[in-house]
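Protein chains in written order, with full-length UniProt numbering: chain A, 1 to 655; chain B, 1 to 441.
No lab work stands behind these hints: they were computed from the structure.
Certain hints may be false.
[What the hints assert, rightly or not] Covered by chain B, per the in silico footprint, the following chain A stretches (three or more residues, Cβ under 8 Å):
| id | segment |
| --- | --- |
| 1 | 286-294 |
| 2 | 453-467 |
| 3 | 528-541 |
Treat the numbers as computed from the prediction; the structure is a model and nothing was measured.
Cβ atoms here follow ideal geometry from the backbone N, Cα and C, with glycine treated the same way.
Chain residues, written in single-letter form:
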Amino acid sequence: MLVTKNVAELCSLLIDELYGELPSRIFSILLTRGRSSIPQLVQYTDMSLCELRHGLAVLLQQNLLFYQVDSNSEKAMYEANTDHAYNLLRIGKILEMVDSSFGAPAKDVMQSLLLLGQTRISDLVAAYQEKIDQAHQKLVKEEADPFLETNGVNGDSHAPKRLDLVIKTTAQLNSVICRLVEAELIDVVHAKTFLTPDDIYRDVEKEVLDTHFPGGPKGGKAKIELEEKIAEGLRKVRGESKSLKRKLEQNGTAAKRRKLFSGGGLSNGVHDVELDPALDPKQVIRINYEKCLVDLRNRRLVQCVTDTIGDTTAYVYGVLLKLLTKQLPRCRSDPMMDITEDDKDDCGKGFVTTDEILDSLKTSVDLSVGLGKAAKDKFSSRAAEKVSGHPPKKKIILEAEIDGDASADEEEEDEGSESDESDSDSDHKPANGTKVKFAGVATKENRLDRPGQLRQHLLLLAESNQHFVRHCGYNDWTVDFVPLMDVLREAELDSVIERKSGRQGLRLVRILRAKGKLDEKTLPNLALMKKNEIQQKMLEMQTAGFIQVQEVPRDNKADVKKSFFLWFVDLEKSINTLLDTSYKAMLRCVQVLEVIRQKEKDVLLLTKRSDVRGRERDVMRKEYYDRYARFQANEKKLFAQVMRIDDLVALLRDF
Amino acid sequence: MAGDEDDPAKIQILKDALYDAARENGSEARAFSQKDLLDFDIIPADNPMLLLRVVQRLCDDKLFVGITQATGLAWRWRNKEDAKKYTSLPNDETMMVYAVIDEAGADGIWNRTIKNKLNMHEAVVKTCIKYLETKGYISSMKNVEHPNKKMYIKANLRPSERATGGPWFTDGELDTAFISELTMIVFEYIKTQSAYRGSQAGGAGAAAAAGSGAGATKVPKKGVIRGGIDGGDSTSSSRGVKRTATDMSTDDIVQQQSKHPTAATKEKPKVFYPMPAGYKHYPTVTEIAKLIHETGITNNTTLGEADIQQLVDVLHYDGLIEPIRVNGRKGYRVTRAAKQDASSFQKRQQERQQAGGVGLPVGSDDLVGPPPTANGLTEAPCGRCPVFELCEEGGPVSPSNCVYFLQWLGLASSEENTNTLAGGATPNGVAGVAAVPGLVV
Ligand code: SF4
Chain A
1 MLVTKNVAEL CSLLIDELYG ELPSRIFSIL LTRGRSSIPQ LVQYTDMSLC
51 ELRHGLAVLL QQNLLFYQVD SNSEKAMYEA NTDHAYNLLR IGKILEMVDS
101 SFGAPAKDVM QSLLLLGQTR ISDLVAAYQE KIDQAHQKLV KEEADPFLET
151 NGVNGDSHAP KRLDLVIKTT AQLNSVICRL VEAELIDVVH AKTFLTPDDI
201 YRDVEKEVLD THFPGGPKGG KAKIELEEKI AEGLRKVRGE SKSLKRKLEQ
251 NGTAAKRRKL FSGGGLSNGV HDVELDPALD PKQVIRINYE KCLVDLRNRR
301 LVQCVTDTIG DTTAYVYGVL LKLLTKQLPR CRSDPMMDIT EDDKDDCGKG
351 FVTTDEILDS LKTSVDLSVG LGKAAKDKFS SRAAEKVSGH PPKKKIILEA
401 EIDGDASADE EEEDEGSESD ESDSDSDHKP ANGTKVKFAG VATKENRLDR
451 PGQLRQHLLL LAESNQHFVR HCGYNDWTVD FVPLMDVLRE AELDSVIERK
501 SGRQGLRLVR ILRAKGKLDE KTLPNLALMK KNEIQQKMLE MQTAGFIQVQ
551 EVPRDNKADV KKSFFLWFVD LEKSINTLLD TSYKAMLRCV QVLEVIRQKE
601 KDVLLLTKRS DVRGRERDVM RKEYYDRYAR FQANEKKLFA QVMRIDDLVA
651 LLRDF
Chain B
1 MAGDEDDPAK IQILKDALYD AARENGSEAR AFSQKDLLDF DIIPADNPML
51 LLRVVQRLCD DKLFVGITQA TGLAWRWRNK EDAKKYTSLP NDETMMVYAV
101 IDEAGADGIW NRTIKNKLNM HEAVVKTCIK YLETKGYISS MKNVEHPNKK
151 MYIKANLRPS ERATGGPWFT DGELDTAFIS ELTMIVFEYI KTQSAYRGSQ
201 AGGAGAAAAA GSGAGATKVP KKGVIRGGID GGDSTSSSRG VKRTATDMST
251 DDIVQQQSKH PTAATKEKPK VFYPMPAGYK HYPTVTEIAK LIHETGITNN
301 TTLGEADIQQ LVDVLHYDGL IEPIRVNGRK GYRVTRAAKQ DASSFQKRQQ
351 ERQQAGGVGL PVGSDDLVGP PPTANGLTEA PCGRCPVFEL CEEGGPVSPS
401 NCVYFLQWLG LASSEENTNT LAGGATPNGV AGVAAVPGLV V
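Please model the entire structure based on the sequences and the hints provided.
As structure tokens, this is what we get:
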């Protein structure tokens, strides 16, 4: 992640928001100064050693730091981990996701983990034990004293009320952790967790060089071998955090547990909790954001299909994605580590079959909705069932349509006759697409059975211009995430452009994207817009960073008045600009929150008093309480907005 | 012999013969070389001197125009009417000016160019032009490429496409009203043809079937900014829905006819569904062009397929439609089918008119297709902020004095004294003790 000024400020503010000013100050110093040791930090911050240590401990606990201990001087060097700091924003979203796909107990555990940072399992168990005990005591007390029911402790969100604890026994806790570990949402903290990726790389490289190439790599072949060895070493380090999962998988009951898990109804799993092996209490666990992102990406994709196609198809897509990404550890594969890796071991078989999807669909969903109808002879099942065995070679460019060739192949081909689509512009055409012909499949009758309906949804997804799904075998479906996300990113950029510069602005940008560099003379004809309007729009969009301009001098003298000016779009640049714009907008939201907090300082101070806290409504005067309520509403609104912007950031940067 | 050649009568005959021969052998644009003319076998003994003399006479009568080509001298013929105009001109200057304008043809010529070409004084050119204009031989015209230049063209010529800018221009101006009107119709056609309009209860198409009976229609004339809604028939063709009974699956028809015989008139919430994969009838540019042609919307402008392609491309660039290739047939379909407005075109047209808007105001683009998708950034004040680039803590605009946020949070009106904010202290928020009056207790 590229740390711009806006990101840095945002991260510091977030830490301030969640963990207080002290850690936040240290964090921002680390961001500006880079890797520092404690003595250096003392110098930079004017804090006492004690304060500093305290702050660092908080940051470390929350995984917001990298550190490295120099083997000679035994001194630790600290560095800020902006990725994790940024991830703090996503807490809410991750909790919601866990809640909806794993149930409330899982969410509760995740929440505790988020609060505690990385935690030893035994500590987590102890914390829950305490909670459970407390609840029991309270229950007993409440039974004895029915009047002490509400207000008292209610304000503290973690004080249990009655026995409606989501986690009721430590055995249940154990089982929930097991499941989350299996889903890779929780992984293990190990010796190298706190090293920066660069440090890990250096360590691994050094080790490989020492053991395999004592005299240094000689020749091209050795270099390749070295690279492979390093990649392997890096993978090993990465794999260490999955040690717990592997251990669980060795246990024979894994499959059974998983079945219960995806079955949704977690409450009936309670009886089987004893089946889960007890976890090593000394293990330190933490939340694995990488995997959480995979699930968030799935949600995003489903959302996108809802928007472009429809609800029912989106539901089917969600099921497909869930099955497909079960074993997928992260959204983006690492260019260094994943080159040689055979995806097969790591990410499952790489496709989902129709039957698997069918088996996972909720029976309550009516698949016949959401699609248009027309007579059978209006469809070409050959075209619909086209199988693409290989992912697209180059990036899918939606607009790469070469004009004028449409008439060449205008004839209406029927299934029987042969027209191999050798069009130059069918970008999505696989390198050597195997064409399988299944005449009349599933369209024999107008009323389709359920598998037939499902198939229709899947085929529609495969036919979409975004290529949500690739039909990679007669009954196999997969998703090419990389090109798909590119398409989505572009679409997101488009919607920002459309909002900011109007539909005509969008039109101009997309023309440039399709045609490459153009001068001002060509544009009016393509866009069917007035020249002066175009000029104005172009300037406006250039300022916003959506388009770029290049000056081409007509002669050696480079007279500006005579130069051509070519407009063009640099997609990557636009997206990076948009990303930083988003950071800035988020930052502003948090800053504004601070501003209104200052403004309502008197009210907020009041609510901090122990005799007011928890019973604001009763104790405060009406106008004060109203201000307080309004502040809370605004706070909520601002944070919600930050979250929404993060959706965009996640898509642009992480998915 | 010599007397023979000089005989005016003979020259006259030869002249006429040569002129007629040239006319028969090519258009006014064809250049005849000396050899071509001799090959007519009109000039006895292929005598070049005699030919020259005859041609000279023709040029004097303005029936021939001499031009220089790479291969040497050549001539074109000119029709008698034009020639007469030339000969009727009072002086050489006028004639020269007329000749230059004539030569420029349908593209027209700029008065400055005339001046430079003939190396004449501006005043002279001006008087010549004035004379020619009053005579009705030439007229001024506008060229879209150079809207500010005063151009002239021969009166009986129509300005070329290059000069007028093609079908999208009226009087040298881009006719945005015409374009948006037409774009809307094309979009509507693609929308209804590429997605399935239905409701949960039954099949769609009742409305379509009802409309399909109507014949050709009047939809806005070129340049006229009015949706032609004088009768129900306009919908049928502008929507272009002619889904015949055979097009629909049989059970569909039965259903809708038994359940909703008057579905066309009854307002039911309708939605669009995408067509299943492999649909072969997404409208092509050829089909759209045919529709536009048949409806006669563009009564005094002829639109070719290339012109329609231009419109369709614009819709594609706007992100409203997308190309889709099925079995090598390139059709277009609407994007985000499920989000499309499914109320009838006619109804929306009426609403538009009632709202007082006559046609599309230039630059307002939300009338076609669904509203653009929003995201977190575009919703937040900063995403739309006009001073975003300047906004900086400590700068002239900053989060601490941002009015956009206050508005967004609904705090703008209640806070009269935003100025005090910068100071950091609010009127009654000094310290913990000062806040105590806030308590009821
Ligand atoms: S002025 Fe307000 S809306 Fe504009 S960027 Fe700054 S904080 Fe955002």
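Need the list of violated hint numbers for this structure, in ascending order.
1
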